[in-house]
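As they're listed, the protein sequences go chains A, B, C and D. Under this note's numbering, the residue at position 341 of the first sequence is numbered 745, and the numbers go up by one with no gaps. Under this note's numbering, the residue at position 107 of the second sequence is numbered 511, and the numbers go up by one with no gaps. Under this note's numbering, the residue at position 253 of the third sequence is numbered 657, and the numbers go up by one with no gaps. Under this note's numbering, the residue at position 121 of the fourth sequence is numbered 525, and the numbers go up by one with no gaps.
Calculated directly from the structure, the hints in this document are not laboratory data. Hints are supplied without guarantee of correctness; some may be wrong.
Chain copies aren't distinguished; within one or between two, either way the pair holds.
With a Cα cut of at most 30 angstroms, we get these calculated DSS-like pairs of lysine-lysine [claimed, not checked]:
| hint | residue 1 | residue 2 |
| --- | --- | --- |
| 1 | Lys736 | Lys726 |
| 2 | Lys726 | Lys454 |
| 3 | Lys726 | Lys506 |
| 4 | Lys454 | Lys506 |
| 5 | Lys710 | Lys466 |
| 6 | Lys710 | Lys726 |
| 7 | Lys454 | Lys466 |
There are 4 protein chains.
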Amino acid sequence: MTEVQAALADPVGTAAVPDTMRGAVLFGPDDIRVVERAVPLPGPGEVLVKVAMCGTCGTDLKIFGGHFPQTPPFGEFIPGHEWTGTVVALGDTVDEFRIGDKVCIEAHAGCGRCDNCLVGRYTACLNYANPAKGHRATGLTTNGGFAEYAVHNVKALYRMPESVSFEDAVLITTAGTGMYGLDVAGGFVAGENVVVFGPGPVGLMTVQLCKQMAARQVILIGTRPSRLELGRQLGADHVINAREVNPADAVLELTGGEGADLCVEASGGVDTPQQCVEATKRGGKMLFVAFYPDRVSLDLSAVVRKDISMYTSRGEGGNNVKRAVAMAAEGKLRGAELVTHRFGLDDIAEAFRVVRERDGDPMKVVLVP
Amino acid sequence: MTEVQAALADPVGTAAVPDTMRGAVLFGPDDIRVVERAVPLPGPGEVLVKVAMCGTCGTDLKIFGGHFPQTPPFGEFIPGHEWTGTVVALGDTVDEFRIGDKVCIEAHAGCGRCDNCLVGRYTACLNYANPAKGHRATGLTTNGGFAEYAVHNVKALYRMPESVSFEDAVLITTAGTGMYGLDVAGGFVAGENVVVFGPGPVGLMTVQLCKQMAARQVILIGTRPSRLELGRQLGADHVINAREVNPADAVLELTGGEGADLCVEASGGVDTPQQCVEATKRGGKMLFVAFYPDRVSLDLSAVVRKDISMYTSRGEGGNNVKRAVAMAAEGKLRGAELVTHRFGLDDIAEAFRVVRERDGDPMKVVLVP
Amino acid sequence: MTEVQAALADPVGTAAVPDTMRGAVLFGPDDIRVVERAVPLPGPGEVLVKVAMCGTCGTDLKIFGGHFPQTPPFGEFIPGHEWTGTVVALGDTVDEFRIGDKVCIEAHAGCGRCDNCLVGRYTACLNYANPAKGHRATGLTTNGGFAEYAVHNVKALYRMPESVSFEDAVLITTAGTGMYGLDVAGGFVAGENVVVFGPGPVGLMTVQLCKQMAARQVILIGTRPSRLELGRQLGADHVINAREVNPADAVLELTGGEGADLCVEASGGVDTPQQCVEATKRGGKMLFVAFYPDRVSLDLSAVVRKDISMYTSRGEGGNNVKRAVAMAAEGKLRGAELVTHRFGLDDIAEAFRVVRERDGDPMKVVLVP
Amino acid sequence: MTEVQAALADPVGTAAVPDTMRGAVLFGPDDIRVVERAVPLPGPGEVLVKVAMCGTCGTDLKIFGGHFPQTPPFGEFIPGHEWTGTVVALGDTVDEFRIGDKVCIEAHAGCGRCDNCLVGRYTACLNYANPAKGHRATGLTTNGGFAEYAVHNVKALYRMPESVSFEDAVLITTAGTGMYGLDVAGGFVAGENVVVFGPGPVGLMTVQLCKQMAARQVILIGTRPSRLELGRQLGADHVINAREVNPADAVLELTGGEGADLCVEASGGVDTPQQCVEATKRGGKMLFVAFYPDRVSLDLSAVVRKDISMYTSRGEGGNNVKRAVAMAAEGKLRGAELVTHRFGLDDIAEAFRVVRERDGDPMKVVLVP
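Could you build all of it, start to finish, from the sequences and the hints given here?
Shown next as structure tokens:
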């Protein structure tokens with residue numbers, strides 16, 4: 405242990421933090437290796453977290469491919485942006501956390517000084533990927549959670565009660581994306597009909613959020629029966645298999661011909677946004693929380709004619725993970741049920757093979773460093 | 405039965421509506437008598453409802469006193485603005501309801517043509533108490549529900565599933581006041597700390613609304629132990645007796661010294677608004693859904709210094725009873741537990757004596773015509 | 405003059421309204437004829453207006469083609485939805501206007517009783533094209549202003565000062581579309597960079613609105629130099645010819661590489677929405693106030709990645725024509741400069757030939773009945 | 405000049421910054437002295453500004469009295485929170501400004517890490533007066549502008565064009581308070597009737613903001629004829645002397661009996677908030693941007709009955725000084741006309757005597773270090 409680390413660790417008498425750790429470093433396209441690295445030091449306003457678990461997501465596949473924009477250089481970069489763990493050292497000025505706290509994260513810590521951060525839109529930070537100015541998107545533009553330890557800014561850390569498991573915690577970050585989207589779209593879904601397209605992790609957490617915020621009907625649309633069934637268990641009032649029926653027709657039927665007050669597009673399918681247009685009520689809303697493999701073709705005239713507003717969320721902003729943590733603490737958000745596969749850090753390549761090939765119908769695959 | 409009424413009633417083969425009914429008419433200050441009156445006819449866009457139950461509230465005491473502004477003249481006026489029942493006849497152009505539908509109400513139907521109605525703020529209708537222009541506040545500016553039958557505009561009527569009892573339905577109107585207030589205040593309480601001052605019907609329904617919309621801690625403050633206990637049963641996480649501890653101190657303690665994100669003032673006590681100021685977080689919100697017997701004295705500088713926004717709701721607007729009905733239909737709003745006393749229409753004077761003298765600690769006293 | 409009309413006209417001693425008038429009736433696709441018709445009678449809440457001028461727009465071309473949805477039947481339908489004139493008779497209950505008032509209009513009067521009207525979103529009325537329930541979209545779903553007289557609901561009528569000309573008044577309706585869009589998008593453009601795509605009437609009125617509401621730079625993008633030049637005269641800080649430079653690049657250059665806070669798409673070109681995506685700042689907004697001849701292809705991932713919200717307006721809702729009238733009354737909105745062609749009612753076919761063929765580069769062609 | 409400062413200053417070849425400066429230090433209640441102090445060094449994200457001018461305001465009187473909360477200790481504290489000047493050195497990571505830039509300020513730089521800063525409400529920073537965590541309220545919780553040099557965070561600095569004078573720049577900060585208040589209250593005043601109570605600097609800047617954002621009538625209410633006259637020159641459509649007529653009556657008369665859409669209370673008089681209540685339209689808004697010498701007594705029932713929302717602003721937040729700078733750059737905000745008195749730094753005691761005793765009817769008294 406170095407002196408600096410000893411100093412960091414001492415004040416609260418915690419177990420010593422080692423100088424080095426094992427981390428999964430991206431050395432090139434599809435070349436990720438678990439190697440020994442120095443444990444990072446938390447700067448002012450930062451903490452060091454012993455990572456308990458780190459989720460994988462589709463974005464990681466793009467990152468591993470080696471062509472994701474704005475990452476740290478090959479040979480240095482440790483991906484992983486959905487992690488949770490325990491605070492083991494505090495940087496200068498930090499009193500928001502104590503050593504030993506269980507925490508979950510938002511990926512994005514904004515610079516805090518650009519026009520967007522100033523008004524609270526830090527996922528749209530104008531200094532994105534500029535760590536010198538304070539921006540940090542863990543596992544994306546700075547090192548992340550596929551390692552034994554990770555550093556993060558207190559801006560983007562949330563204390564959890566002991567009762568929330570790490571599996572749940574990984575999914576709280578995921579829920580934050582849905583929650584921020586709902587926030588941007590007004591946040592007031594009580595009594596409304598909500599459709600969620602795409603029963604992946606974001607979609608399934610959004611189903612729960614809407615139902616727990618007293619939405620009237622939550623209608624989940626997908627193509628895989630197992631995922632739809634899981635959605636039903638997690639609270640969806642209706643599930644619709646888009647392979648069997650026209651989703652928009654089904655929504656119209658369930659809503660007395662009016663359409664949904666809100667359609668959440670979490671599938672990333674290029675045809676789904678247009679289905680949203682058709683399934684949304686006049687004066688209603690659409691929310692996009694996915695990325696698409698190609699351009700999307702829309703009947704934009706219909707959007708205009710129906711007075712629909714369209715919102716987006718590219719991550720868990722607006723301090724919404726805090727809201728999700730509070731819900732999880734009361735047992736209102738179930739994340740662990742989405743964790744289908746667990747791997748050790750050394751098996752990271754195998755883990756991503758499973759993700760890529762959808763081997764065993766994985767929902768959320770996590771790594772345990 | 406008149407021909408007009410027969411025509412109205414015939415199309416769907418329901419039981420005939422009589423020509424006359426019994427209703428409680430206000431003949432002067434504190435002079436209410438149950439007399440025989442013509443059953444009112446629904447005009448275009450209106451329906452006739454057989455009243456199943458009508459709640460009483462503090463405003464009714466003022467109305468009975470005879471000095472409430474903008475009511476119909478003595479000798480004609482039938483009060484009662486929290487009623488529920490079954491549709492028995494449809495006015496011209498009505499296809500939103502069918503005869504036999506169970507319905508609950510908003511009291512206010514706006515004119516639909518003033519600046520405020522046009523933008524959806526119909527409880528602030530600029531043609532308030534102008535029935536010629538289409539405004540109708542049932543039991544306040546037009547005849548209401550202390551009678552066997554009442555007419556109401558479809559704008560302010562909500563169909564309920566059979567599973568919702570009339571007792572629950574009376575309180576849905578009450579919940580609508582809280583829900584509209586929450587709506588005006590942003591509507592997004594998930595994960596937030598909310599304080600409700602005043603465990604009366606509005607307060608207790610608001611406790612449920614907030615908890616069911618995933619608020620973090622809902623803290624209820626009052627002075628009567630029985631009401632606080634009921635609040636706890638209905639979902640309040642903490643109850644505070646303001647006779648025993650300083651409410652603001654208690655809230656600060658429960659919120660780590662920060663104060664509540666939202667304080668809802670539903671007590672009508674002149675000292676409570678200042679307690680809200682002290683209990684509210686910097687950048688937080690205050691919502692007033694009560695009326696006060698006198699002017700209220702506030703540390704307005706503190707409100708400014710703390711960047712607090714203050715919202716109000718004078719009734720169940722913004723189509724929010726629709727939201728509340730959806731919640732009640734799922735069992736998320738319990739109203740019947742608040743109904744402590746039932747009287748027949750003939751006992752209306754006795755019912756109001758109970759309300760006025762708080763005889764038997766009444767919460768919600770209802771009349772069954 | 406009929407007795408009814410005499411009664412209507414008498415109270416204020418105005419000149420008598422005749423029984424019949426000349427109006428342009430659509431008898432079939434591309435078959436519009438000016439014929440003699442009964443002067444319509446204003447119902448409750450309505451007024452009769454002597455039409456001074458009625459603008460034409462692209463939608464009228466579709467209507468004349470005979471396949472526009474939800475219009476009155478051939479042989480009855482008088483189009484025209486941008487008209488202005490003088491009140492000559494008042495329907496029952498109307499005291500908002502006096503005979504002799506100069507008025508301009510919103511096209512849409514909502515039903516006032518559906519979910520959307522109740523919350524102020526009447527251009528998304530769920531009873532659209534259902535006059536029995538009170539909906540009226542003049543010249544679209546009911547008879548409009550290509551006639552000597554027209555009836556309209558007071559909900560959608562706005563009194564103008566004498567100082568505002570009828571030419572300006574026609575364009576106030578147009579401005580209302582832009583203003584409602586800005587309203588839906590937040591309404592707070594002061595100090596912001598705004599781009600307007602499409603220097604047609606909606607675009608040019610929106611340029612003025614934004615500049616008069618203290619936008620920082622208003623950048624107008626189009627392809628016709630004469631229109632761009634007019635835009636500059638009406639207040640655009642910069643005009644960009646999309647035939648000469650890449651619009652998004654030009655916007656990025658004018659905004660220090662950040663992009664615009666708000667892009668207003670008023671061109672209706674299928675490629676322009678994607679240009680908006682590229683020209684909009686992270687965390688910014690896009691507003692669509694046009695209709696498109698085909699599906700629109702968008703890089704929706706970029707919209708999500710940039711945290712952009714997208715709003716729409718399909719007409720002049722939200723009581724925004726009232727705002728525009730106030731601005732016009734102070735000389736802050738110039739409409740008359742957009743009126744390039746005037747025709748008498750008998751020349752309606754010729755007027756629409758000019759519109760269709762863009763003969764003489766028409767901006768706003770008006771008919772004077 | 406020290407080496408550090410030389411290093412800071414060198415890169416852009418500007419004139420050397422001296423090691424020491426003259427600053428007005430508060431040594432105790434009413435004991436302010438101009439003394440020699442070290443020129444402060446800008447930290448990361450900060451710049452050093454050569455102060456050209458610093459305004460005085462009522463808060464400074466309280467500060468000089470020695471009992472203002474959360475200031476630096478006596479003997480160290482340099483007040484002054486409305487200053488402007490020229491950038492002379494850049495702290496680490498700063499590329500938002502160049503040496504030589506003319507700048508004006510917001511007083512508050514939030515910590516950027518608390519719940520409120522994260523969502524853009526930095527004037528309500530939960531780490532207020534905690535410089536270690538990054539909060540800085542210049543001249544309030546850290547040293548300010550009654551000195552030759554001052555340091556400030558780039559978060560709260562705004563570049564001005566050369567065309568804006570320093571006198572105007574001092575008032576841009578003042579305008580920021582009004583603009584943030586308007587922002588919080590919705591920001592969309594176009595076509596609305598606005599009343600401003602209190603023709604002090606905040607009130608007079610707010611008059612201009614509203615008029616330049618296309619408000620319909622801006623009605624200014626005060627008691628001093630000279631200030632009302634200045635308000636008229638700056639754009640108020642009507643001025644009302646509250647000594648001569650009842651302000652609420654006057655507003656009702658000017659608004660056809662309806663009241664104002666928005667009342668801005670900038671007077672700080674304890675009776676004025678209630679006048680706002682009476683002067684505000686049903687469904688309207690009230691905005692408080694003042695502090696009060698005592699508790700304020702309100703007819704809160706009337707606020708509720710009228711469905712009025714109440715907003716506050718305790719400073720220039722929400723990045724709104726940026727909006728005001730853009731308006732000033734176009735000549736839409738006139739500040740210099742409010743500067744009635746100029747003093748050198750040595751005359752600071754005399755300057756505050758003038759402010760305190762209102763000697764010569766001062767509007768904005770500035771110090772030129």
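So, going through the hints one by one against the coordinates:
no., hint, verdict
1, Lys736 x Lys726, "both (14 angstroms within a copy, 24 angstroms between copies)"
2, Lys726 x Lys454, "within (20 angstroms within a copy, 41 angstroms between copies)"
3, Lys726 x Lys506, "within (14 angstroms within a copy, 40 angstroms between copies)"
4, Lys454 x Lys506, "within (10 angstroms within a copy, 47 angstroms between copies)"
5, Lys710 x Lys466, "between (36 angstroms within a copy, 18 angstroms between copies)"
6, Lys710 x Lys726, "between (34 angstroms within a copy, 21 angstroms between copies)"
7, Lys454 x Lys466, "within (26 angstroms within a copy, 49 angstroms between copies)"
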